[in-house]
Amino acid sequence: METEKGRLQKPTVAIVGRPNVGKSTLFNRLVGHRISIVSDLAGTTRDRIIAETNWSDHSFILVDTGGLELFPDDDIWNQVKSQIHYAINECDVVIFLVDISDGITSNDQNIVDTIRKTGKPVVTVASKADNEIRDQMASELYSLGMGDPVPISAYHNRGLDDLMDRVVAHFPENKSFPEPEADLGLAIVGRTNVGKSMLINSLSGENRAIVSDIAGTTRDSLDSVIKHKDMDIQLVDTAGIRRRGQIDYGIESYSVLRSIQAIDRCDVAALVIDASEFATAQDTHVANYILEAHKGIVILVNKWDLSNQLDTNQQDMANQVRAKFKFIQYAPICFTSGLTGAGIENMLDIVTKIQSERSKIIPRAKVRRTILTAVANHPPPIQGKRELKIYSAMQDGTSPPSFTFFVNHPDMIHFSYKRYMENSLREDFGFEGSPLRMRFRGRGRNTET
Numbered sequence: 167m168e169t170e171k172g173r174l175q176k177p178t179v180a181i182v183g184r185p186n187v188g189k190s191t192l193f194n195r196l197v198g199h200r201i202s203i204v205s206d207l208a209g210t211t212r213d214r215i216i217a218e219t220n221w222s223d224h225s226f227i228l229v230d231t232g233g234l235e236l237f238p239d240d241d242i243w244n245q246v247k248s249q250i251h252y253a254i255n256e257c258d259v260v261i262f263l264v265d266i267s268d269g270i271t272s273n274d275q276n277i278v279d280t281i282r283k284t285g286k287p288v289v290t291v292a293s294k295a296d297n298e299i300r301d302q303m304a305s306e307l308y309s310l311g312m313g314d315p316v317p318i319s320a321y322h323n324r325g326l327d328d329l330m331d332r333v334v335a336h337f338p339e340n341k342s343f344p345e346p347e348a349d350l351g352l353a354i355v356g357r358t359n360v361g362k363s364m365l366i367n368s369l370s371g372e373n374r375a376i377v378s379d380i381a382g383t384t385r386d387s388l389d390s391v392i393k394h395k396d397m398d399i400q401l402v403d404t405a406g407i408r409r410r411g412q413i414d415y416g417i418e419s420y421s422v423l424r425s426i427q428a429i430d431r432c433d434v435a436a437l438v439i440d441a442s443e444f445a446t447a448q449d450t451h452v453a454n455y456i457l458e459a460h461k462g463i464v465i466l467v468n469k470w471d472l473s474n475q476l477d478t479n480q481q482d483m484a485n486q487v488r489a490k491f492k493f494i495q496y497a498p499i500c501f502t503s504g505l506t507g508a509g510i511e512n513m514l515d516i517v518t519k520i521q522s523e524r525s526k527i528i529p530r531a532k533v534r535r536t537i538l539t540a541v542a543n544h545p546p547p548i549q550g551k552r553e554l555k556i557y558s559a560m561q562d563g564t565s566p567p568s569f570t571f572f573v574n575h576p577d578m579i580h581f582s583y584k585r586y587m588e589n590s591l592r593e594d595f596g597f598e599g600s601p602l603r604m605r606f607r608g609r610g611r612n613t614e615t
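FYI, the numbering for the sequence shown is 167 to 615, going by this note's numbering.
Be careful, since some hints might not be right.
To be verified - Pairs of lysine to aspartate or glutamate, DMTMM-like flavour, derived with a Cα cap of 25 Å: (1) K526 to E588; (2) K519 to D594; (3) K286 to D314; (4) K532 to E588; (5) K395 to D349; (6) K584 to E218; (7) K526 to E553; (8) K283 to E298; (9) K492 to D594; (10) K286 to D296; (11) K526 to D477; (12) K492 to D440; (13) K176 to D328; (14) K492 to E598; (15) K393 to D515; (16) K584 to E598; (17) K492 to E588; (18) K176 to E218; (19) K286 to D223; (20) K526 to D314; (21) K519 to D398; (22) K551 to D577; (23) K393 to D349; (24) K286 to D349; (25) K490 to D398; (26) K283 to D314; (27) K584 to D562; (28) K490 to D562; (29) K176 to E458; (30) K519 to E588.
Think of the hints as simulated: they come from the structure by calculation, not from any bench.
The structure presented is a predicted model; accordingly, all values stated were derived computationally and were not measured.
Required output: the full structure, derived from the provided sequences and hints.
Right, dumping it as structure tokens:
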């Protein structure tokens with residue numbers, strides 16, 4: 167675990183621009199598959215979309231800022247400006263799209279003014295430049311004073327190499343955060359207004375985070391180190407955004423970005439859900455990222471002091487949580503109250519156990535015995551004339567626990583059989599709260615999960 171030099175955080179790139187300039191199409195092209203909804207109707211991306219991707223061996227977090235709920239009676243531009251402003255402040259590089267077929271509009275100029283005030287690196291893009299004539303029209307964007315414009319057509323995959331070469335050139339060489347000496351890093355993650363700040367206060371024993379009933383009142387992430395029994399635990403606070411007055415629509419979605427950035431820095435993530443609201447799509451989004459980042463996870467059902475009003479008990483609530491998070495059945499569930507401090511000590515005990523589970527090493531002979539027994543009890547399916555054979559397995563890494571399986575045909579490993587192998591390892595060796603990294607090695611292509 168890195169403590170002296172700090173932990174590397176992936177750069178964040180925000181795609182900004184007014185509605186219907188091609189942000190979601192560019193996002194989907196860079197990520198490599200369709201995630202954002204793309205249509206000709208302005209503002210059709212209804213959820214803020216965030217994904218980790220890479221370009222030329224540079225891993226980064228990409229944010230599509232196109233998700234707007236558009237209501238006829240609302241001041242649409244105020245919503246756009248507010249959300250774009252936050253995305254720009256959170257990122258390392260801005261990709262600013264202008265629809266070259268429309269030319270520069272007053273809203274484009276407003277976005278330029280917002281970008282310029284932040285001082286963030288920006289790459290200006292002439293979007294929808296799908297032929298040489300529109301490439302030449304890109305020169306109009308020089309008048310914005312935002313550097314050399316790059317003509318692209320994300321739909322036709324034109325100009326993306328030039329665009330990303332410019333973007334990657336702005337990445338920090340070593341964007342790391344100095345870490346206090348600690349035995350593990352614990353990130354408190356989740357949606358706004360689920361009680362993260364109050365949990366931080368209960369954990370640290372002081373009012374070091376702003377606590378409010380208004381969603382998103384904490385502007386900055388603040389880290390501290392606490393002592394639990396014989397362990398030093400670094401708390402990574404991931405509260406939302408403080409605003410004066412009313413919270414603008416859509417700001418809550420960016421708490422997911424805060425959580426993702428914190429997950430990259432932690433060993434174990436505590437996913438906080440509100441007992442009175444239960445889990446949402448954003449909660450599962452964050453849980454998926456924790457899984458993909460191979461971090462430890464505990465699910466905190468917070469505000470449990472309201473349980474009497476909710477007419478439920480821990481067993482019933484746990485069953486509902488398990489049903490919502492079927493893909494992380496190994497995650498322990500803890501019931502907490504940031505208001506009363508109930509469940510805090512139990513949660514810290516669970517977190518330290520998860521870190522221990524992530525760090526333990528199983529002898530090769532035991533791993534091999536477990537896997538071969540599992541294969542004997544449930545042989546892999548035969549595909550035509552080909553038969554998958556698993557010869558052996560070994561653990562070759564920790565944090566997360568990592569295993570290599572030696573097989574004859576890695577491409578024949580089906581998802582369901584991978585899950586069976588994982589369950590067999592968990593049944594014999596535990597690994598509670600930690601995802602497993604599994605690689606299947608043969609003479610040809612390998613597969614990894």
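To see whether the hints hold, each was checked on the structure:
1. Annotation: proposed proximity of K526 to E588 holds, straight-line Cα distance about 16 Å (limit 25 Å).
2. In summary, the hint linking K519 to D594 is supported, as the alpha carbons are separated by about 17 Å, within the 25 Å threshold.
3. A hinted pair counts as satisfied when its Cα atoms are at most 25 Å apart, and K286 with D314 qualifies at roughly 16 Å.
4. For the suggested pair K532 and E588, the alpha carbons sit about 15 Å apart, so the restraint of at most 25 Å is met.
5. Between K395 and D349 the alpha-carbon distance is near 12 Å, which keeps this suggested pair within the 25 Å criterion.
6. With a C-alpha separation of about 23 Å, the suggested pair K584 and E218 falls inside the 25 Å cut-off, and the hint holds.
7. Taken as a hint, the K526 and E553 pair is broken in the structure, with Cα atoms around 33 Å apart against an allowance of 25 Å.
8. Proposed proximity of K283 and E298 is contradicted: the alpha carbons are some 33 Å apart, above 25 Å.
9. As the CA atoms of K492 and D594 are separated by approximately 21 Å, the hinted pair is consistent with the 25 Å bound.
10. For the suggested pair K286 and D296, the alpha carbons sit about 28 Å apart, so the restraint of at most 25 Å is broken.
11. Between K526 and D477 the alpha-carbon distance is near 40 Å, which puts this suggested pair outside the 25 Å criterion.
12. At most 25 Å may separate the alpha-carbon atoms for a hinted pair to count; K492 and D440 meet this at roughly 18 Å.
13. For the given pair, K176 sits about 21 Å from D328 by alpha-carbon distance, which is consistent with the 25 Å threshold.
14. As the CA atoms of K492 and E598 are separated by approximately 15 Å, the hinted pair is consistent with the 25 Å bound.
15. Of the pairs offered as hints, the one joining K393 and D515 holds, with about 12 Å between alpha carbons and a cut-off of 25 Å not exceeded.
16. Distance restraint check for K584 and E598: the Cα-Cα separation of roughly 18 Å lies within the 25 Å cut-off, and the hinted pair is therefore satisfied.
17. For the proposed pair K492 and E588, the alpha carbon gap of about 15 Å is at most 25 Å, so the pair holds.
18. Using a Cα cut-off of 25 Å, the hinted pair K176 and E218 holds, with the two alpha carbons roughly 9 Å apart.
19. Taking the CA atoms of K286 and D223, the gap is about 23 Å. The hint holds against a cut of 25 Å.
20. A distance of roughly 52 Å separates the Cα atoms of K526 and D314; the hinted pair therefore is violated under the 25 Å criterion.
21. At roughly 14 Å between alpha-carbon atoms, K519 and D398 fall within 25 Å of each other, so this suggested pair holds.
22. Of the pairs offered as hints, the one joining K551 and D577 holds, with about 14 Å between alpha carbons and a cut-off of 25 Å not exceeded.
23. For the suggested pair K393 and D349, the alpha carbons sit about 10 Å apart, so the restraint of at most 25 Å is met.
24. A C-alpha spacing of about 34 Å is found between K286 and D349, which places the hinted pair above 25 Å, so the restraint is violated.
25. For a cut-off of 25 Å, the pair hint linking K490 to D398 is broken: about 32 Å separates their Cα positions.
26. Restraint check for K283 and D314: satisfied, since their Cα atoms lie roughly 19 Å apart, inside the 25 Å limit.
27. Taking the CA atoms of K584 and D562, the gap is about 17 Å. The hint holds against a cut of 25 Å.
28. For the suggested pair K490 and D562, the alpha carbons sit about 32 Å apart, so the restraint of at most 25 Å is broken.
29. Using a Cα cut-off of 25 Å, the hinted pair K176 and E458 holds, with the two alpha carbons roughly 14 Å apart.
30. With a C-alpha separation of about 19 Å, the suggested pair K519 and E588 falls inside the 25 Å cut-off, and the hint holds.
Going through the hint list in order, the structure does not satisfy hints 7, 8, 10, 11, 20, 24, 25 and 28.
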